[in-house]
Amino acid sequence: MRRPLDPLLRLLLGAAAGLPACLAFWWWVVREPLAQGLAQATNIVSPWLWPDAILGVGFREQRSLLVSLLPPLTDSAQLFVTLPLPLSRPTVILPLFWGLTLATPGRALLRRLLFGTLFLLPVVCAMVLLYAQFQIALYRTHLPLLTETPPIDYALALPDSPIFYHLWGLGRQLAVLVLPVVAPLLAWLSLHRPFLRTVILGGLLRRNVRAARKPPVPPAVPADPEAR
Amino acid sequence: MRRFLLAFAGIGLLLYGTVYLPPVREWIIAPFTDGLTAAAGGTIALFGGQVWVQGNVLTIPGFSVRILDLCNGVEATLLLWTAMLAFPAPWRYRLWGLLIGVSGVQVLNLARIISLVYLGVWKPAWFHWVHWYVWDALILVDVLLIFLLWLRQLPIKATPHAPAA
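Just so you know, the sequences run in chain order A and B.
Residue 1 is where the first sequence starts when you use our numbering, and the numbers rise one by one after that.
Residue 1 is where the second sequence starts when you use our numbering, and the numbers rise one by one after that.
Isolated chain A, as found in the complex (with noise of 0.2 Å):
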């Protein structure tokens, strides 16, 4: 009979898969109408969050969205500048956990997959959210902060606080930096549970397994008084 591959090698080798293909998927099929939705949502709710600030979020060359804000307060004939927003970083956590997920042995994986992806969405806002918090606040604030400088044509309308605008540089890196990693695979721990434990299981199966086929010591042979 065969021996069932270890779980550990059978998610690698999934992943190895799933992961390109998962990437792919999202690349070419889904990155895109997933960027024109969250364009369309900050869209929605920037009067809201930043009335004084945003004119109106746009989707231009299939590549990023741009954040239109009030002119700038300088001797530019700009009307208005836009921002970078990226919307394929935050999007990217999706690809990374139907990968994994895809890659996991267990049962309902179509289920898995749905439970993952709307725990998801709402941190891919989430995500968006931080990011244009941030470069509104770089902007305003005109004073480099982490790994980003400032653009060259800028408001000095609304300065943030020194504390505020060390926040939303946190918010950015938490966009940018952690949350990429940190929730996809928080929602795949969450969701496969029995396959975690059949890891630690496993574990100490083999660790059984490995001390029962030990040669057993042999007693002390007991000194033979007769013998001298």
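Treat the hints as calculated values from the structure; they're not laboratory data.
A portion of the hints provided could be inaccurate.
Every beta carbon over 10 Å from chain A, so not counted as near; a handful from chain B, in silico [stated by the list, open to error]:
id, residue
1, L14
2, G55
3, L79
4, G120
5, P124
6, I139
Not everything, but these chain A residues come out facing chain B in the computed CB check (under 8 Å) [stated by the list, open to error]:
id, residue
7, L12
8, R89
9, L146
10, T147
11, L170
12, Q173
13, L177
14, V178
15, P184
16, L196
17, V199
18, I200
Where a beta carbon is used, it is the ideal one built from N, C-alpha and C, also for glycine.
Could you slot chain B onto chain A? The hints should help.
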């Protein structure tokens, strides 16, 4: 599982919050990033490559990269540490896991940096895609794999709150 998730959120906030404090960034993260750049440069030189390192800038003939946040693998390491610290386990296993974890992530990250700098020469058009998406996926799998391997080594008595099915 709920307890693990709560602990994960709390420890994660603490670790990530600490790392983004300006003094920590200036005195710990920045020198670490410079050291990582030097290590990447040293590895390239070891294999006979021509390389220049200045601070966090790594240059090879035809391409140059600046190692910034994310590129230094700190976020991925913190994620792994958070998961290991949040999971109920004896401290001996945790400390061992933290050490193995940081090595596992940073070794792959070194490979990531070197591969990206050469990709910049070979296929500059692919750089962005591979940098933001392909390597993210690989780091994610790396973190998950190290965590699962660590889970497999845990003594069963140490996991009374192991996630229930």
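Do the hints match the structure? See the list:
Listed as a non-interface residue, L14 (chain B) keeps its Cβ farther than 10 Å from every Cβ of chain A; the least gap is roughly 13 Å. The beta carbon of G55 (chain B) sits about 14 Å from the closest Cβ of chain A, which is more than 10 Å, so the claim that it is off the interface holds. With a minimum CB-CB distance of about 6 Å to chain A, L79 (chain B) fails to clear the 10 Å threshold, and the non-interface call is violated. The claim that G120 (chain B) lies off the interface holds: its Cβ sits roughly 18 Å from the closest Cβ of chain A, which is beyond the 10 Å cut-off.
For P124 (chain B), the requirement that its beta carbon stay farther than 10 Å from each beta carbon of chain A is met, with the minimum near 17 Å. Not every C-beta of chain A lies more than 10 Å from that of I139 (chain B), the closest at about 7 Å, which undercuts listing it as non-interface. The beta carbon of L12 (chain A) is positioned within 8 Å of a beta carbon in chain B (closest approach about 6 Å), and the interface hint is therefore held. Using the Cβ-Cβ criterion of 8 Å, the hint placing R89 (chain A) at the interface with chain B is satisfied: the shortest such distance is roughly 6 Å.
Annotation: L146 (chain A) was flagged as interfacial toward chain B, and the flag holds, the nearest CB pair being 7 Å apart, inside 8 Å. Among the interface hints, the one on T147 (chain A) holds; its C-beta lies about 5 Å from the nearest C-beta in chain B, closer than the 8 Å criterion. Proximity of L170 (chain A) to chain B holds as hinted, the smallest CB-CB distance being about 5 Å (cut-off 8 Å). Given the 8 Å rule on beta carbons, the hint for Q173 (chain A) holds: about 6 Å separates it from the nearest Cβ of chain B.
Look at L177 (chain A): its Cβ gets to within about 5 Å of chain B, closer than 8 Å, so that hint holds up. Annotation: V178 (chain A) was flagged as interfacial toward chain B, and the flag holds, the nearest CB pair being 6 Å apart, inside 8 Å. Using the Cβ-Cβ criterion of 8 Å, the hint placing P184 (chain A) at the interface with chain B is satisfied: the shortest such distance is roughly 7 Å. Annotation: L196 (chain A) was flagged as interfacial toward chain B, and the flag holds, the nearest CB pair being 5 Å apart, inside 8 Å.
A least Cβ separation of about 5 Å between V199 (chain A) and chain B falls short of the 8 Å threshold, and the interface hint therefore holds. The interface hint given for I200 (chain A) holds, since its Cβ lies 5 Å from the closest Cβ of chain B, which is under the 8 Å cut-off.
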